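Let the sequences and hints guide you as you build the complete structure.
The opening residue of the sequence shown carries number 2 in this note's numbering; numbering runs sequentially from there.
Everything labelled a hint here was simulated from the structure, so no lab data went into it.
Errors might be hidden in some of the hints.
[What the hints assert, rightly or not] Here are the simulated SDA-like pairs of lysine to any residue, each with C-alpha atoms no more than 25 Å apart in a straight line: (1) Lys274 - Arg85; (2) Lys45 - Gln68; (3) Lys93 - Arg386; (4) Lys213 - Met532; (5) Lys585 - Gly530; (6) Lys45 - Thr124; (7) Lys529 - Gln32; (8) Lys274 - Lys226; (9) Lys365 - Arg395; (10) Lys274 - Ser254; (11) Lys276 - Thr124; (12) Lys213 - Gln239; (13) Lys35 - Phe65; (14) Lys585 - Asn454; (15) Lys42 - Lys213; (16) Lys123 - Val37; (17) Lys570 - Cys520; (18) Lys585 - Ile506; (19) Lys280 - Gln110; (20) Lys365 - Gly336; (21) Lys274 - Gly336; (22) Lys274 - Ala307; (23) Lys280 - Arg85; (24) Lys59 - Ser43; (25) Lys529 - Asp235; (26) Lys274 - Met312; (27) Lys226 - Lys276; (28) Lys529 - Thr502; (29) Lys498 - Gly580; (30) Lys276 - Arg386.
All values reported here derive from a predicted model rather than from experimental measurement.
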Amino acid sequence: MKTAAIPNDRTTPLHSRLAALAEQKWIARDQLQKAVAIAEKSKKSVEFVLIDIFKVSKERIGEFLSQYYRCPFKAYDPDFPVPRQLIQSLKKAFLINYLWVPLRWEKEQVEVLIDDPKDLRKTDYIAALMSTRNIRFHVGIREDILQYIELFFAAPAEVGLSDELEVIENIIQDVEFEEEEDVDETDVEIDESSSQVVRFVDKVLIDAYSRKASDIHIEPSIEKKTMVIRFRIDGVCQEYVQVPIKMTPAVISRLKIMANLDIAERRLPQDGKIKLKRKGVPPFELRMSTMPTTGGSEDAVLRILAKAGAMKLDQMGLHPRNLGILKSIIRQPYGLILVVGPTGSGKTTTLHSALAYINKPEIKIWTAEDPVEITQPGLRQVEARPRIGLDFARVMRGFLRLDPDVIMIGEMRDRETAAIGVEASLTGHLVFSTLHTNSAPETVTRLLDMGLNPLNFSDAFLGVLAQRLVRRLCLNCRASYVPERQEFDEIAAEYGKAAFTALGIHHDKTLKLYRTGGCQSCTDSGYKGRMGIHELMQGTRAVKNLIKNQASTEALFEQAFRDGMTTLKQDAIQKVFQGLTDIKEVRRVCIE
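If you want it as structure tokens, here you go:
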């Protein structure tokens with residue numbers, strides 16, 4: 002028997018499938034041969050020809066495919082709900098070319114319709130795109146898969162609020178978007194214990210985790226009568242879904258119950274932690290904060306905490322000069338090391354990487370954090386609880402009676418904590434901490450302004466590392482280009498012309514920079530993941546003398562620059578010429 006492959010189907014030869022169809026006597030051999038010939042001419046699948054021309058029932062074809070592939074058969078259903086959440090990051094042409102389409106997302110798995118579930122190249126690629134191995138495959142004929150793709154991408158020109166609800170229509174089917182006049186929005190029929198709310202909240206949390214979001218923002222809008230949920234992914238907020246505002250109290254209350262907060266308290270901010278364990282995803286934790294807003298409503302923000310374990314210091318993306326100095330100062334027996342930057346700049350990750358580098362059985366390390374986001378074996382970790390009086394200063398005083406070698410304090414929020422940290426570093430302990438400042442030299446000025454003794458602080462000071470996070474260019478789709486002379490000169494001026502000349506980078510036709518592209522891997526953003534940019538000021542003898550004399554930030558910067566320090570922007574620009582990020586992203590993150 003001579004068989005033919007389906008036109009445009011690059012991945013699946015049909016010989017074995019059609020041979021089985023004939024050998025098991027599902028179809029007469031001569032009938033099958035005619036169907037193959039017609040399929041080649043009409044560019045249709047053999048199964049479609051058998052159904053359409055030879056009047057073989059679709060149920061019989063489906064039964065054979067289900068037995069052959071050992072998975073359910075799925076026929077086209079024009080009333081099938083559109084899985085907007087699953088297809089929003091996929092391209093129509095891509096799905097048509099590879100003949101598969103996601104059907105629905107359940108708590109435990111993703112259901113996918115495919116023409117050949119035995120094609121490992123396809124199934125492995127789908128698992129990577131869906132970010133899960135827990136996929137239930139259905140088999141379908143080519144034409145039905147194409148009809149599903151057309152159905153899912155046939156969105157109306159103007160998407161209204163009711164269309165947004167389709168993202169979660171299988172979960173909150175009872176919710177309708179009907180405007181009501183003179184109705185108290187807080188008087189809702191849905192409560193936090195209803196199955197729809199429980200499933201919806203679980204879905205939001207798991208989706209955020211699977212998309213590698215760092216934060217979930219829940220924002221009710223009285224004016225728009227909606228609750229908007231946004232995810233922060235790679236440092237940038239992206240809208241996830243909108244639901245009716247009357248769901249807000251139930252959703253917030255459900256999250257409060259999970260975080261062990263007071264659901265009756267809506268007038269004051271609250272903080273708590275959620276430990277989520279659900280089938281299909283690894284257990285993870287979230288830190289929840291609520292804030293009362295106008296109109297008697299509440300906002301909530303949930304930070305997805307990092308997994309246990311610390312990154313290796315060599316993988317932090319530090320410049321060789323910065324990496325060498327940092328390794329040198331964290332091996333000192335005593336002194337003060339600071340990591341500074343705004344919230345969400347990766348300070349805790351850097352501190353834990355430094356601790357992991359020196360974490361040995363012979364060294365006793367205590368940490369005080371709020372909250373504990375990263376754990377690693379060998380560390381004794383304490384979570385601060387200011388509401389009961391267990392603040393950083395009190396924990397630090399307790400540490401000094403526990404015979405530590407190394408102390409890490411989450412943040413020097415006040416003079417008392419900073420003073421105890423300096424005292425501990427002068428009495429034979431290596432102290433790590435963080436501070437919210439914009440640059441390394443400014444950190445010294447800030448601590449002196451708190452009232453620290455300049456002599457003690459200068460003796461304790463080993464170094465301060467300022468950092469930010471910039472988005473990495475997606476390596477799958479970044480596009481190279483030769484910059485124009487004007488763009489090159491602008492970048493050189495931002496770096497500092499004298500310092501830039503010393504880098505030995507010249508403008509010619511061989512010079513390449515990279516700009517964003519767009520692909521399935523990065524959901525068309527052009528960026529995938531983040532990396533640190535750093536500014537390390539070492540506590541050299543000259544810097545210590547300036548601290549003793551309470552020198553200005555400008556004087557400290559000039560001395561640090563003479564000592565070899567590169568600024569945050571200079572470090573970022575070097576990474577631009579390495580092809581890791583682009584200048585637009587650098588300008589978004591760095592002021593000067």
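Point to revise | Contradicted hints - numbers only | key: Structure breaks hints 1, 3, 7, 8, 11, 14, 15, 17, 21, 27 and 28.
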